[in-house]
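Generate the whole structure from the sequences, applying the supplied hints.
The listed protein sequences derive, respectively, from chains S and R. Under UniProt numbering, residues 1 to 200 are what the first sequence spells out, in order. Under UniProt numbering, residues 1 to 150 are what the second sequence spells out, in order.
Treat the hints as calculated values from the structure; they're not laboratory data. Check before you lean on any hint, since a few could be wrong.
Facing chain S, according to a computed beta carbon distance under 10 Å, are these residues of chain R, among others [unchecked claim]:
hint	residue
1	E87
2	S95
3	S97
4	S98
5	R99
6	R100
7	S103
8	R106
9	S107
10	K110
11	G115
For glycine and all other residues, C-beta sits at the position ideal for the given N, C-alpha and C.
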Amino acid sequence: MSKLKSTLGIVAIAFITLTVMSCKDNSKEQNSTDGDHSQMNHDNSDGHHDGEKKEMAMSGDSNAQAVLNDYFNLKNALVGDDNGKAKELGATLATSLGNFDASQYTDTQQSELKDIVEDAVEHAEHISESDIAHQREHFKVLSKDVIDMVAITGAEMKLYEQFCPMYDGGTAWLSTKEEVRNPYYGSQMLKCGKVQREIN
Amino acid sequence: MKIVKIIAIILLVAFVGIQFIPTTRNQSDTVPSTDFMLVNNVPETIQKKLQVSCYDCHSNNTQYPWYNKIQPVAWFLEDHIKEGKAELNFNEWDSLSSRRKASKLRSIIKQIENGEMPLNSYTLIHNEATFTEAEAEELINFITQLKDSL
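So, in structure tokens, the structure goes:
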């Protein structure tokens, strides 16, 4: 009898695990449908961009501007120590990076931009699922990517490259305002840092 | 009592049944020329450690213990390997750009520092994969050097 019980126990555990696994698979599937969704959005916005293309050549890259805007929103969330909001905005940024269309640039620029975007997407995705300390670690590298992107694409507005010597051996970020609001320390050391470069 | 027996039999059949569902096995005989060990001058002790602690989920070749061939364990593992390789595949190291390499090296350092890798679920079974303090330091020093030389 006890033998039967223990066999039963083992089998039950196996079954429960199996059920859990299949649930997991389901949720995965759902995720991939979500992925398709963003793919669709992506296609839509591509069509949308075509119309803007001529205008873009005249006044900077609206594509890059979308990335920049999402980057600044994310930065502000980190300045405000808002983990949850930064998660959301990390995901938003990952999407706008995914929509980035580099076709108006030269081949060398395109491959560089592709590299930058690929790297930045990964960091943005990590930000969308991490605690705030991790988000800030990823934001450091993300900032470098975005700074390198701006070096190629330019920006429509005036930007300030700011620098905090204390965070991780010295770390830069971009801001639209001259006064320093530190995204790596937030309220802990809000004004730590200086403007090290002005862009535009 | 009868019901219990019937359920037991059904579950047993299910358990045996799922063993026949094929899984993809992460195994390869060849090490591509882009492998991390081949393109970097990695000291032997670190090579061994990487092999034991990282390569099971971060390369194209997993050393499977017998119990990992049994369902549903194998599915659980397959998932982990897929995820691990998507994040970082040491076999394809040299196909990454310098920017991507720097990003990956930075993540390796952070995750070893914070004890996030190797995963607890992995070291639970693979005791030898755990990093001692000295081993962690040695690896971090090496990876830092590599990152600075990029």
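Hints versus structure:
For E87 (chain R), the shortest C-beta to C-beta distance to chain S is roughly 9 Å, which falls under 10 Å, so the interface hint holds. For S95 (chain R), the suggested interface contact is broken, since its CB lies about 12 Å from the closest CB of chain S, more than 10 Å. Among the interface hints, the one on S97 (chain R) holds; its C-beta lies about 5 Å from the nearest C-beta in chain S, closer than the 10 Å criterion. With a cut of 10 Å, the hint placing S98 (chain R) at the interface with chain S holds, because the nearest CB-to-CB distance is about 9 Å.
Evaluation of the R99 (chain R) hint against chain S yields a held restraint, the C-beta minimum of about 5 Å falling below 10 Å. Annotation: interface hint on R100 (chain R) holds; nearest CB of chain S at approximately 6 Å, less than 10 Å. Using the Cβ-Cβ criterion of 10 Å, the hint placing S103 (chain R) at the interface with chain S is satisfied: the shortest such distance is roughly 5 Å. Because the smallest distance between the Cβ of R106 (chain R) and any Cβ of chain S comes to about 6 Å, under 10 Å, the interface hint for this residue holds.
Because the closest C-beta pair between S107 (chain R) and chain S is about 9 Å apart, less than 10 Å, the hint holds. The restraint placing K110 (chain R) at the interface with chain S holds, with a minimum CB-CB distance near 6 Å, inside the 10 Å limit. Checking G115 (chain R) against chain S: minimum C-beta separation of about 14 Å lies over 10 Å; hint violated.
Checked against the numbered hints above, the structure breaks hints 2, 11 and satisfies the rest.
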